[in-house]
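Model the full assembly from the supplied sequences, consistent with the hints where possible.
Numbering (UniProt numbering), first residue to last: 1 to 333.
Just so you know, these hints were derived from the structure itself, not from any lab.
Among the hints, erroneous ones may be present.
Stated by the list, open to error - Once the Cα atoms are required to be at most 25 Å apart in a straight line, the calculated DMTMM-like pairs of lysine to aspartate or glutamate come out as:
(1) K136 to D10
(2) K13 to E144
(3) K9 to E144
(4) K254 to E308
(5) K164 to D223
(6) K260 to E144
(7) K164 to E148
(8) K157 to E144
(9) K260 to D301
(10) K136 to E148
(11) K13 to E148
(12) K67 to D10
(13) K254 to E268
(14) K254 to D309
(15) K67 to D301
Claimed, not checked - Pair by pair, the computed Cβ-Cβ distance ranges are:
(16) G218 to E268: 27 to 33 Å
(17) I94 to A153: 31 to 37 Å
(18) G311 to K13: 48 to 54 Å
(19) G37 to Q235: 46 to 52 Å
(20) I156 to G218: 22 to 28 Å
(21) I211 to G151: 30 to 36 Å
(22) H288 to F159: 36 to 42 Å
(23) L222 to D284: 39 to 45 Å
(24) E246 to D283: 17 to 23 Å
(25) S132 to D310: 57 to 63 Å
(26) Y97 to S160: 30 to 36 Å
(27) L222 to D274: 43 to 49 Å
Everything numeric in this text was worked out from a predicted model, so none of it was measured.
By construction, the Cβ of each residue, glycine as well, lies at the ideal position given by its N, Cα and C atoms.
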Amino acid sequence: MKEFFVLLKDGNKPSLLAAIINTVIAILKGVAFFFTGNVAMFAEMLHSFGDAANQLFVYIGSALSKKAPTKRFPNGFGRLVNLVLLFAVIIVGILAYEAIIEGWHHVIHPTESEGLWIIVGVFSLAAILEFSVLYKAGKEVLHETNTEGTGFAPIIKSFSVLSKAKPATKLVFMEDLVATSGNILALIAVFIAHYTGFLAAEGYASIIIGILMFYVVGRIFLDNARGVLGETDEQMTQHIARLVMEHEAIQDIKMLSVVKEGEFLHVEVMAEVDSTLSFAEVDDIRDHLVDLILHQPNVQDVHVSFDEDDGVMTWDTAKQNATDFKKNHPEMK
1 MKEFFVLLKD GNKPSLLAAI INTVIAILKG VAFFFTGNVA MFAEMLHSFG DAANQLFVYI
61 GSALSKKAPT KRFPNGFGRL VNLVLLFAVI IVGILAYEAI IEGWHHVIHP TESEGLWIIV
121 GVFSLAAILE FSVLYKAGKE VLHETNTEGT GFAPIIKSFS VLSKAKPATK LVFMEDLVAT
181 SGNILALIAV FIAHYTGFLA AEGYASIIIG ILMFYVVGRI FLDNARGVLG ETDEQMTQHI
241 ARLVMEHEAI QDIKMLSVVK EGEFLHVEVM AEVDSTLSFA EVDDIRDHLV DLILHQPNVQ
301 DVHVSFDEDD GVMTWDTAKQ NATDFKKNHP EMK
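Laid out in structure tokens, this is it:
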């Protein structure tokens, strides 16, 4: 149990913050729904409870994934965060379905909500709080991808580099983007229903919110299904190939594998060197490459082996693309 609490200190902080804030928001929405009967409020209450549960699972999963390898699990627990996220999206999927069903019932049998300014106040406060979490998650995305930016950059720039962020941070960003949008959409629907008499607007808003939640479910499911299977990180493969080929003693790369497990990367390299090099020289080259690769972002372990140069270039793309890759990816040092 002591180890569990120690690991929690290294959990994904944006997901913990998001879980706390979404719990508070969900309770506020639940109270508002009790007094007003607003169906859009009901959908957003489900959304917030789903996000809170999701993000709590993400926080715990991201922490446990950092547990050191054991004799029983020698490859470590990196993929645990992917498994947790796959479980978490099931919860969101169920709540998304409920939001759509409830919205459809309201479209067919529209009823007028009470307490307009209670609804407006709760949705406005929720939108502000959700946006603050979204901004924090955006800053974390920029930090994890070595992207600079101030002002609104954590929101604007995050979209272009989101695929490079850690799974937990990516989920928090996407969920709170949808949550912020959902609060604004629900607020608009409330005003339309109140001032035009088109009461079904709240039901349609609930349906759209549910569809947006399903979109997050789909994106997160696909991303983490690949992670559970052990996905090759193509960008880091090119980057590490460049680092290896830049060493003057390396003639070619016979095999290079960069597999992503959760937040971590496992690297295996077989390089070709001149057969005239001594064992001591080859050992020094290995130590240098291992140290160099371990200092790259999210690399957890490295295995480097060698074979004698056969005179045939099998990894020519590494040298051909090295200059262009370095120019197009300045964040990779």
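Evaluated hints:
1. For the proposed pair K136 and D10, the alpha carbon gap of about 17 Å is at most 25 Å, so the pair holds.
2. With a CA separation close to 13 Å, the supplied pair K13 and E144 stays within the 25 Å bound.
3. Between K9 and E144 the alpha-carbon distance is near 18 Å, which keeps this suggested pair within the 25 Å criterion.
4. Restraint check for K254 and E308: the C-alpha separation of about 10 Å stays at or below 25 Å, so the hint holds.
5. Of the pairs offered as hints, the one joining K164 and D223 holds, with about 11 Å between alpha carbons and a cut-off of 25 Å not exceeded.
6. At most 25 Å may separate the alpha-carbon atoms for a hinted pair to count; K260 and E144 meet this at roughly 15 Å.
7. In summary, the hint linking K164 to E148 is supported, as the alpha carbons are separated by about 14 Å, within the 25 Å threshold.
8. Between K157 and E144, the direct Cα distance comes to roughly 13 Å. Compliance with the 25 Å bound is thereby established for this hinted pair.
9. Distance check on the hinted pair: K260 and D301 sit about 11 Å apart at the alpha-carbon level, within 25 Å; holds.
10. Taken as a hint, the K136 and E148 pair is honoured in the structure, with Cα atoms around 14 Å apart against an allowance of 25 Å.
11. At roughly 20 Å between alpha-carbon atoms, K13 and E148 fall within 25 Å of each other, so this suggested pair holds.
12. Proposed proximity of K67 and D10 is supported: the alpha carbons are some 10 Å apart, at most 25 Å.
13. With a CA separation close to 11 Å, the supplied pair K254 and E268 stays within the 25 Å bound.
14. Proposed proximity of K254 and D309 is supported: the alpha carbons are some 9 Å apart, at most 25 Å.
15. Using a Cα cut-off of 25 Å, the hinted pair K67 and D301 holds, with the two alpha carbons roughly 14 Å apart.
16. Roughly 32 Å separates the CB atoms of G218 and E268, a value that falls within the hinted 27 to 33 Å.
17. Checked against the hint of 31 to 37 Å, the C-beta distance between I94 and A153 comes to roughly 35 Å, which is consistent with it.
18. Separated by about 51 Å at the C-beta atoms, G311 and K13 satisfy the suggested range of 48 to 54 Å.
19. Range check, G37 to Q235: about 50 Å between beta-carbon atoms, so the 46 to 52 Å window is met.
20. For the hinted restraint 22 to 28 Å between I156 and G218, the CB-CB distance of approximately 24 Å keeps it satisfied.
21. For I211 paired with G151, a C-beta distance near 31 Å keeps the hint of 30 to 36 Å intact.
22. The hint said 36 to 42 Å for the Cβ distance between H288 and F159, and at roughly 37 Å that hint holds.
23. Between L222 and D284 the beta carbon distance is about 43 Å. The supplied range of 39 to 45 Å therefore holds.
24. Taking the beta carbon of each, E246 and D283 are about 19 Å apart, inside 17 to 23 Å as hinted.
25. Distance hint check for S132 and D310: the Cβ-Cβ separation is about 58 Å, which falls inside the suggested range of 57 to 63 Å.
26. Checked against the hint of 30 to 36 Å, the C-beta distance between Y97 and S160 comes to roughly 32 Å, which is consistent with it.
27. Checked against the given bound of 43 to 49 Å, the beta carbons of L222 and D274, roughly 44 Å apart, stay inside it.
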